[in-house]
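K.L.:
Given next are the chains, with one letter for each unit.
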Amino acid sequence: MRDFCRKAILITALFWAFAAKADSQQGKVKPERLENYLKKIEQIYKVSFVYDANEISKTLILDVPEKTGSIQESLEPLKQKNIAYRQVGNQFILKIVPPSEPLIAKDIIVRGSVKDSKDGNAIPGVTIVVKGTTVTATTNDRGEYQIAAKDASSVLIFRYIGYKTVEETVGARTTIHVSLEEDASLLKEVSVVSTGYQNIDRKLFTGASTQVKSEDAQRNGVPDISRMLEGQVAGVSVQNVSGTFGAAPKIRVRGATSISGDNKPLWVVDGIILEDVVNISNAALSTGDANTLIGSSVAGLNPDDIESFNILKDAAATAMYGARAMNGVIVVTTKKGRQTGGTQRINYTGNFTTYLKPNYSQFDVLNSADQMSVMMEMLNKGYFQHTTASRGADGGPFYKMYNALYDYDPVTDSYALKNTAIDRAQFLNRYANANTDWFDILFQNSLLQEHSVSFSSGTDKFQTYASTSYLHDNGQTIGNNVDRFTANLRSNFKMSDKLSGEFLINGSIRDQRAPGTLTRTSDPVYGTFSRNFDINPYSYALNTSRAMTAYNADGSLEYFNRNYAPFNILNELNNNYLELGQIDLKVQAGLKYKIIPSLTYSVDGAYRYAKTDRRHYIMENSNMALAFRAATDATTVGSNPFLYTNPDDLTQLPVVTLPEGGFYNVTYDALKNYYFRQNLEFDKAFHNDHRLNVFGSMEVRYIDRQNSKFDGVGYQYDNGGIVNANYLYFKKAQESNAPYFGMGYGYDRFAAFALRAAYSYKDRYSFNATTRYDGSNLMGKSRNARWLPTWNVSGAWNIDQENFWPENRVISSARVRATYGLVANIGNANNSGAIFYNMLSRRPYENEKETVTYISSLANSELTWEKLKETNLGADLTFLDDKINLTVDLYKRNIFDLIGSIKTSGIGGEYTKVANYGKMKAKGIEVTLGGNPVTHTNFKWRTQFNMGYNENRITELQNTPRILDLVSDNGGSIVGYSQGGLFSIPFAGLNHDYGYPYFIDESGRKNPYVYLQSTKTNYLKYEGPIDPKLTGGFYNQFKYKQFTLSALFTFAAGNYVRLAQEFSSSYPDIYSMTKSMLNRWVQPGDEKYTTVPAILDPYTASRLVVDASGATTSAVYPYNIYNFSTERVAKGDFIRFKQISLTYDLPKTFASKLSMSNASISFVGNNIALLYSDKRLNGQDPEFFGNGGVALPIPKQYTLSLKVGF
Amino acid sequence: MKISKLKLAVLFSACIFASCKKYLDTVPDNRTEINSVEKVAQLVATAYPEGDYYTFAEAASDNAEDKGSGVGTLSDVSSKPYYWDDVIGADRGSPSNYWNTCYQAIAAANQALEAIDKNDFGASVLPYKGEALVARAYAHFMLVTFFSKAYVVGGTNDAMGIPYVTEPETVVIKQYDRGTVASTYEKIEKDLTEGMALLSASAYKVPKYHFTPAAAHAFAARFYLFKGEWQKVIDHASAISSENFASIIRPINSTLYDMSSADYNAAFSRSDQKFNLLLINLYSSYQRLTSPRYGYGAKLVNMFATTGNITGKSFANKILYYTVPSYTTYKHKEYFYVTNQISNIGITYLMSPALTTDEALYNRAEAYARLGQLDKALADINIVLANTVRGYTNSDAATLAKIATYYGITDPKEGVIKLILETKKAQFLQEGIRWFDILRTRMTVKHNVFDAQGNETFIELTADDNRRVFQIPEEARLSGVPLNPR
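From first to last, the protein sequence lines are chains V and W.
Start counting the first sequence at 0; every next residue gets the next number (numbering that gives the first Met the number 0).
Start counting the second sequence at 0; every next residue gets the next number (numbering that gives the first Met the number 0).
None of these hints come from the bench; they were simulated from the model.
Worth double-checking, as some hints may not be accurate.
[What the hints assert, rightly or not] Just the calculated beta-carbon pair ranges, DEER-fashion:
hint, chain 1, residue 1, chain 2, residue 2, range
1, W, Ala451, V, Ala1168, 50 to 58 Å
2, V, Ser781, W, Thr155, 43 to 51 Å
3, V, Tyr1018, W, Asp84, 43 to 51 Å
4, V, Lys1020, W, Val448, 19 to 27 Å
5, V, Lys1005, W, Asp84, 36 to 44 Å
6, V, Met742, W, Val448, 54 to 62 Å
7, W, Ser259, V, Glu955, 58 to 66 Å
For glycine and all other residues, C-beta sits at the position ideal for the given N, C-alpha and C.
Modelling step: build the complete structure from the supplied sequences, incorporating the hints.
P.N.:
Next up, the structure:
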């Protein structure tokens, strides 16, 4: 470390010494006497000067250049003293020009206005120059100008950024109106690449990156900007694992790079890395846990504020992010104020969206009649018997029926239900005919509205962009809604030619409601996930039997039994919900100082503060609160796990710990983030042919996170919020070590130094080299692992600039690129030194507890960062006069030092360690073909097709995963297969006598039992990766006069998904079944025609399932294993009709009557249809595994969008 | 201008780098460091193996029987050891799990000892240094007992021992040497004696969960019993308490007998009981294995009946069952450590009486017998009987004559030892202690096996069978440690 510091001091010193030296070269002019100066010129250019010494003093002092170029250049300084010259042969006649002489008097005054040829809008801020002079004017806010032209032959030049320059000869006219046309080639050709650190000239940039302009990626009605990238960029896959607002999609840039890490790309907004408030791994994104709602920090950005995205893909492009760049970087640039000559522009965008409710025709769910018939078979086989069904934890129609038999009414002296076969059948008949449409009950076609107003104005010294937006979503389901407010201010200012800067404030407030949810837990033995009290409306609709009903015959809410307490989903959604509040504010400032024209020092700083609270309201009438006091009879008291057995008196029955009220549980997450960076950039062209850009940077990142939570128990919502908590609740908590509140924090510290040099020769060859030195505290105290250097070299060759390149219209430009470099990431290990944590000893009695310290991990002196070496070859070609462009990138990645868990001898004291020992190879190709094939005035066609293919293979990994690790839905990783590979247990038919399933076990035998914990996994069937190999999109936009029609299709292929775990050895009467259940094995012989296992009767289930060794096993096993077998897997391939949009631009004449400069109206449909997916999915979305909690699928939605400008 | 700018830059950089080190030294989360006596003490508190050996030690011993095809549940952790087959994997209750947790305990002791070495904590740290050394000896002793060939008194003991770890591991895969059984015992003895000298009875807030001098003496008694140093067994067992053993062993036929079953269930692992010398909180699910096919069944329950012992009266232990013939001693009460009270999720724990006065008394009795002091041995075992037999009167006391008749053994010494071991077997049922005696005395273990048709056959594990040594995790080979022969 000390050695490093010394080196770094040296480097920095050199850096600054260089700066000082560069500064000293600035002395360009020197004072000189006129007489001497003229003499010098006479000698050099062999000319002579004639002038009247009375008029012009020889002793005049002029500031003259040290070096002179042409004679005209040399005579330029004379202007300082108002001396004009006229050349006659070799002689120059000098004469004083009186400065006050008004030449303009002879000039022609020209007036006019400048408009946009497309929409007829006035364009303020257009520069008008009289050609060959310094006479300039600018249009005012109405687009009008006035300029003095010398004579009729003068030519006026109209220039405006982004528009084609127009020249007009004055002639006899005094009024000249001009229409400027947008320069398509300028818009298409991005001349500057934003890396977040630098806006570098594309000619100097040699990496693989893709720019997406927000207007091209617009998704009206989709408020989260991360979804704008869907199908837009080759090599970027966006998987919507949840459609709930705030839940981040699973984004991969060039596939996965880490076995244990998050594989999430880095988001950079206006040059500042956007840190996540909570870090949620990709695997955790699909859990539906409440914290996924704050998983996406970009959810606080207003889509209307986005100018563009730039996705940095290869090592050369991401190099400036060094040791955080492995998963690609998404650079977001927000809108800036434009130079408008001081006039303001106001834009309003309004989106009005409605959702479509899902319906059962899309899903494989039994209707109530079929469901009831399956249940009747189960009844006949011995399920749903009186004793168990009437007193179980959960109960549906049968529970109701048995309890109605005892429902005595003393007034009429009768029971609610007579215990006769006919009465019972009649009772059940109501449910058999119910055919409840849960989607209809729980979902709504509600309105999502977004309003965004932006203001922009600017002069050449100061430009401002300000916006605010409001989003209100009534929610896809009756349990969800969101409000979001954003505000954005961006000001750019120029104090002088040397000093400029910018100032940004960006804030958002979110207020969201979701169904109450608890954290999902996993069962390591069966590999199942469970969530107590899950009331996710989507999974409820999908998984609840349609033979259950939400309302009684009289229209009141109908309650069934869940967790020993009454349950109705509508009641529960009203009484058990989550409210999320988030406030996020970023303040950012930057300053640029040009030390000399070629050397710029800049400094950027940002401060961000985000605070989230999740308030879980569990009211007294919710099933969750009622379950805590379900103690109606001895059976319930004996089995309800929420009751408390007092260890001080073990002979007493369990008692209720929540006699009154419900819960009010709050979780807080806070983020405090400082960012500081200073840069020194040298940019100079030498002798026209050489261009050098050197960029040095030093940055510091500082992130504090805090998480805290508390369980508010006994809160009485109905009684004005009084709290009457029972001490037994806390006693139980104390004894079982369950903390009723907690707090934790995380401190991330980073420092980095980077140097980048880019050089280009004659615009033909460009070379780039970057090196970066990163330091972080995350790996622990030991200093050897803390620092990491990364580097890369790259180059590009613009073949079309070569002399031999024939001027042609077919291939209008051609460029090839190559990159080789190293990037890295911090893996999921931080034990460069041993890690100790404290805990309370896990013992039952108060007087036996003490604080202890345990080893969380042993020191790993070999710990280092995860690294990736990449070779990228790319080509950018344009065809047919730049109408079509094609970009192809090929890459190969060598990923090493990957962190994974490794089983050790255990002798050191840590059986499973995490260490850098994995290696992976990846390769891929990315193709983007697009352009504007037709650019007719009335008809335009823009198209883009992109696709990325990525494949990876683990080449080294010493882990020994259990079968369960490989067959469950997130897949596992083993050598020779891809990261996140999904495996299946081979299915081997059904048993002839009873219809239970067989599999191939680890010894190759046909067996109903496979030991899921076994590490013998080589016989499993490899299905494929869980991430798609091929992803892409196809976009088309047609413009005819005022109409624009666009459509986007996305596709993915090559991945496999595990089907929902539907099968079990017994089924309660509340859950739905799939239609495949109708094809189940019913009698011996059926095994020839079906692979769907039988419903076993309880006797067979417990006694007659015999494994290969002849021993009886529980039926739980084969049915559970069946869920992980080759029978329960589907391809994840899909083609999706993602978006269609039709826009009508209101005619100019009409708009201006309403004093609007422009107005348009669009109809947009999002997520229209899944055009292709595997039949085995039965219509389920292959991207969405409904895991309950707060997760919801992406809805089909239709939007009306209004855009108005003033 | 030039110079001042340069100076400024260097100064600025120097400032950055000085703070840079400090900046990156920020601890990333709420982890702790071992930098005080208190922290050392807290760390040593986790130097006790959290795994259970009950599951496999009981199933492998003659404290298990096959209850019949289709009876009870099958699970590898209890079924495989019954057939003396290796258990694959490191699940809770498996030998590998016990191996891992022992070394985990050793690592905690070593980290504490390293912290003591590197810091100057003064004399107040010595009791914890002692505890770390004794805990390290204990974990290694348990390892060598299960994973190496049994120590043969007077033998060469040159079979493979187990790696004796004395410093923290700092690399991912480190190479280790197993040494021999003899060398392992030597190191255990060294740590034990060195550590015992430093222990203090008053150093702990919760003494029953730590090596107090009393607990260390009980451990030493067990250790020397294995080593055949009988006098040391007697000395250490006698040093445990100044009280008479009669008042500090499990009051099976009095206090415990009078308890409700719920209280009885909790009593064996409570720290306020005098008979418990060392309790360890185990991360275990043994208590949930209520009805294994191979376990405490109808044959074994006879040990507690009137015909089961020399007195002709039954033992006062409670006979409880889940469904006949799945019996339970009901000694183990689960502690459900709750991680989330609202969703009722948690982890199962068991408080295990790792060292008891009862065991020490049996050990002393056996040591007396081995030394030929049969009267003293009889006196000790009669203390046990007096506390165990239902309706015990002085006339029920064991005598050499009764022993000879009851067991039909002529050698009185052999007979006394037989009585001690048989009584111990019943009293420590479901506590794993029987396996130690099987190893020490080179007993042959006989298991019955029922086939699907109900035919009973028998399998045997003889004194020199390699399967008496549990297999160590396969991954040990990564560290250059050979597996046990099969």
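K.L.:
Can you name, in rising order, the numbers of the hints this structure does not satisfy?
P.N.:
Hints 3, 4, 5 not satisfied by this model.
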